[in-house]
Amino acid sequence: MTSVLSVQNLAKSFGGVQAVKDVSFDLAKGELLAFIGPNGAGKTTTFNMLNGQLKANSGSVKFNGEEIIGREPRDVWKMGVGRTFQITATFGTMTVLENVQTALMSYHRNLFSLFGKSSKHHVDDALALLDLVGLESQSHRACNVMAYGDLKRLELAIALANDPKLLLMDEPAAGMAPLERIGLMQLTADIVKERNISVLFTEHDMDVVFAHAHRIIVLNRGELIAEGTPEEVRNNERVQEVYLGGGSTFKDEED
Amino acid sequence: MGFILAQALTGLSNAAALFLVASGLSIIFGVTRIVNFAHGSFYMLGAYIAYTTMSMLPGIIGFWASVAITGVAVGLIGVVVELVVLRQVYKAPELFQLVATFGVILVVQDLALLTWGPEDLIGSRAPGLESVVYIMGEAIPEYDLAIIALTPVVLFAIWYLFNRTRWGILVRAATEDREMVGALGVNQSWLFTGVFFLGSLLAGVGGAIQLPKGGADLLMDFSILSAVFVVVVIGGMGSIPGAFIAALIISELNVFGVQLLHQSTLVLMFVVMALVLIVRPWGLLGKPEKPGQHGQVGELARPIAIMPTRGKWLFAAMLVLLALLPVLDDSFLLVLMADIIIFSLFATSLHFLMGPGGMVSFGHAAYFGGGAYAAALSVKYMGAPMEIAIMIAPLIAGCLAIIIGWFCVRLSGVYLAMLTLAFAQVLWSIVFQWGEVTGGDDGILGIWPSEWASDGVVFYYLVLVVGSAGILLIRHVLHSPFGYGVRAGRDSFVRSEAIGINVKLMQWMAFAFAGALAGLAGGLYVFAKGSIFPDEMEIARSFDALIMVLLGGVKTLSGPFVGASTFTLLQDWLSRFEYWRLVLGSMIILLVILFPQGLVGFARDKFGRLINVRGEDHA
Amino acid sequence: MLKSFTKLAVAASLTASLGLAAAPGYADTIKIGDINSYKRLPAHTIPYKNGALLAIEEINKAGGINGNKLELVSRDDQGKPGEAIKIAEELFSRDGVAMISGSLFSHVGLALASYAGQKKRVYLAAEPLADALVWAKGNKYTFRLRPSTWMQASMLAEQAAKNPAKRWATIAPNYAYGKDAVHAFKTVLKSMRPDVEFVTEQWPGLFKIDAGAEVQAIQASKPEAIYNVTFGGDLAKFVREGKLRGLFKGKLTVGLLTGEPEYLDPLKGEAPVGWLVTGYPWYSIKTAAHDKFRNAYQARWNDYPRIGSLVGYNTMLTIAATLKKTKSLKADDLVAAMEGLSVSSPSGDFSLRAIDHQSTMGAYVGTTALKDGKGIMVDWKYLDGAKYLPSDAEVRKMRPAN
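Chains as they are written, first to last, in this note's numbering: chain A, 1 to 255; chain B, 256 to 874; chain C, 875 to 1276.
Just so you know, these hints were derived from the structure itself, not from any lab.
All figures in this text were calculated on a predicted structure; none of them were measured in a lab.
Just so it is clear, CB atoms sit at the ideal spot from N, CA and C, and this is done for glycine as well.
There could be a bad hint or two in this list.
As the list claims (entries may be wrong) - To spell it out: a stretch of chain C is covered by chain B in this simulated footprint if at least three of its residues, at any positions, have a beta carbon under 8 Å from a beta carbon of chain B; those stretches are: (1) 985 to 998; (2) 1047 to 1056; (3) 1080 to 1089; (4) 1106 to 1112.
Claimed, not checked - Derived, one-sided and incomplete: chain B residues facing chain C with beta-carbon distance under 8 Å: (5) ASN269; (6) LEU376; (7) VAL387; (8) ASN509; (9) SER786.
All chains should be built: construct the whole structure from the sequences, respecting the hints.
Next comes the structure, spelled out in structure tokens:
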């Protein structure tokens, strides 16, 4: 198994608060890796460092052997990393189709062209992506009137536009109905298999995590406290302590 | 040494009025997020009202009582403006309130003229403080010392109000988090009204206390406005101590600038403002704005669509009508329509920046005037024929926009807008000051069309063809990949960056594009008028374009054309009558209240399908 | 207060009846287009309009022009040159005016002059002072009535040369008029008195003066005399700060236009005393022609005349004289009639020079004084403009051919 993403000693502090301390892990090709931990564990902070949105204080993140730290998100994307956001970030004044077209135009370096009509660009590719996430029938709806769950799917379609080798998904199923969640994760799992890409995702819904993740990493207070298969993590004492000691169970962690 | 001290004290006393007016504006902006263009009018009203009350109340007590009465009176006028005008449009798209405050300026100008007459009024001296004291051999007016002492008192009073009273704490909370304060059950609208009272009161007091050093005249409103904007921006929008420090800096700079760099008086403060914004984008003591919200408050703009067939027919029909206009054989109508087409192009270029680009420019006249001057200078110095000059205009304006845009795109929101204003003013003062080359305010004369186009009808067709080509080009670009890239950057910065779009670069290019098209409009304009003067770069010209865009509706594509036509026609029609500013101002206010989404926005909501609409926007 | 409410009501009803206001044209009416900045600087332009209207009424009462009625179509240019051009086009093409007149701001005047030259339509500039209007940028179709910056500055320089003061300071608003006025004064004074030196030049922004600082700065250069070009609110602030800080004590101060009622009267009891100024002493001009004008003006408008009133009145007299001289309303015929035209006016006779189209109307030069808490001009004399105009040869050098 070759490592797609290799994170070494990643750290970040805000003011005096150490949000992420010395986190290291690897992600293999074709792997679906979950990132879990209580609120404030540093999941999103880590995520944001992985795609360049936040500058790390120290550490290294290698994607297929190339250093990511120090690059802008747009450059990380060009290396083949797609991402979705915890709070959906889509283009509100565009239609669903146009959202995906814009991502495709960016991928194909068309965006500085003053000529031609956007609506004619990459229509088939965009529709194919929408079909993949089950939004084809809504392709002409305005993005700002879409249901939240559908926006999450749209983000996935956008993130796939550059044919990424790695997908970073920050709480992809948050705000969705339970059935929808399972559907989305199943979809993600299929994509991983079909396209042979790697996915790193965070999630609060432990059912989702334990049902789909190949491997799980547990963060607490910025530190990596456990790593392993779902089974290993479930039985890990420190994990039990963090979650149960806090007076909550995995089941109650939902937002 | 004595001289330096004397100058420093003069600067301090000048800072007093500036600080009062600026702090009022800053408070209003900080809480309501309204950039109140009418703030200068409150200052002017303060001067006039104080003049009247001071002439009725004699003596020392009368003088200071007049200052207090004036403050309250202007504060109440502010409340009326807030209640009658602004409260109606808080929910309108951001910056739309600008248009309303612009209407207020016009109304106040004519009301002041009606009430106090055209002649300048010279304020009486402050009783008991008429003389000078000698400090290190230099004569210092007593009144200067009095207001120097007064300023920190006012600063402390404002600080106390905001930090030690329940009302002030609520207002500050509202500044931080409007929703939260609303959720706590505080009636926000009365908080806003109170803030308006306070802000206007401070402007009124500012107008009153400068009376013994000057007077009241009808040009005061605009002449203080730019200085006040500069102070508020340098200090940081919403920061009172910032306004205080900035007022001191600007006043002292002016005072010593007079001595050291005689000719610098026009440009100095704008240079300082530009420098401060480049180094500290949110002013000295300001806080960063929350990103990504500009031009997008309230309902989001709808997806744009390729014009439906019916719209295309409508557009074609309008072009045919315009092309048939010369049949009427009315040369004035052609001149008027040429103006409208030119301003439509100008407004459309600003709209590209404001709407799809999400960047508000308060200094768009820089490119309009820049293009016009580029054309005029190329005729004057290189003997360029009209055809070439009109092509040079967008090129040079585009280059100007590239330079200005490079600095501006690092900022966002109101700060970006203010930086564009600063650059436009710097450019204006260069043109104004550099008489040897630009002719200064005597302008460049005799820039008339080539022989073949000198006939009114031919020139009209030239404007029609070039102007509508420019407008169609902007429209086309909106639908092009570049247009989508620009809109993507406005809609979501993080998403754009996450899919490989360099948002700042996109914005920068949008600046260049919009600037070039505004320059094209300027190039046409100079040949339509035969001459060019620095006026065309002034704030007023930038405001015109803003009003046109907002009046038409910033979230629509045909808004700029409708706005430009409405504004130009209204102004042309009304200016025949004596108190036209009163009528125009009232009409603008009325339009703002009736059509908060702009004229086209309103028409679209009402009659939908004719203009750019797509099936199910309101789902 | 009540009065202003009445005014308001009048304004409101006026605006309400706007749509109906368009008057039918008479076949025997000659229309004159009038463009001025009625909103930007009303203190100057409204007296101008009143003077012009008075003249029109008198002319019509006396039987009009060759039996035709004269009508003035007034429009506000908002102080914007571009706007003025548009209005000029409308006046000529829609209202059918024979010629246009007016304007106060130099840049608006220059724009209209350029328009007149291009479209071959006659423009009589009333008040703009820019020298370029008839010289460097002059053209066949443009005439100017009021004595220009150069003329008035030379009149003052000639008087100032008699004073022993050698160290001069100048203060002028930082724009073309201010620069021209300083340049003209310096040139003429230097030519008469090579020994004078100019120790400082202050350039406050127009209507943005920082008077305290300017006064200190002038003070610091220790001048013996001061040449002032500021006006309006700037002048008021300058005078007040200057007096307070003792700037004018023991110094000759020369003020361009300072004696004009528009600028002197708002100063009331604080008007400067002993300044050498150009202006308009309407209260003490004792000629029959001027008495008649003053009385008629006061009767008609219930107000006293300003310099603008006189210029407005003279402008219409000039137009009437032109129209009496030629029956044709064609531009070239009008120009031919205007070149060398002589006009009798309340301020004396003047003519329009054929060589540069500048009128020889002069100006009043005198000393300021206080009387009954008001500034006035005393010891004044009327200087004929013809003596302060360049020779034909010099004009030919400055003025473009045609």
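Problem set entry | Earlier hints that do not hold, by number | Violated hints: none at all, because every hint is consistent with the structure.
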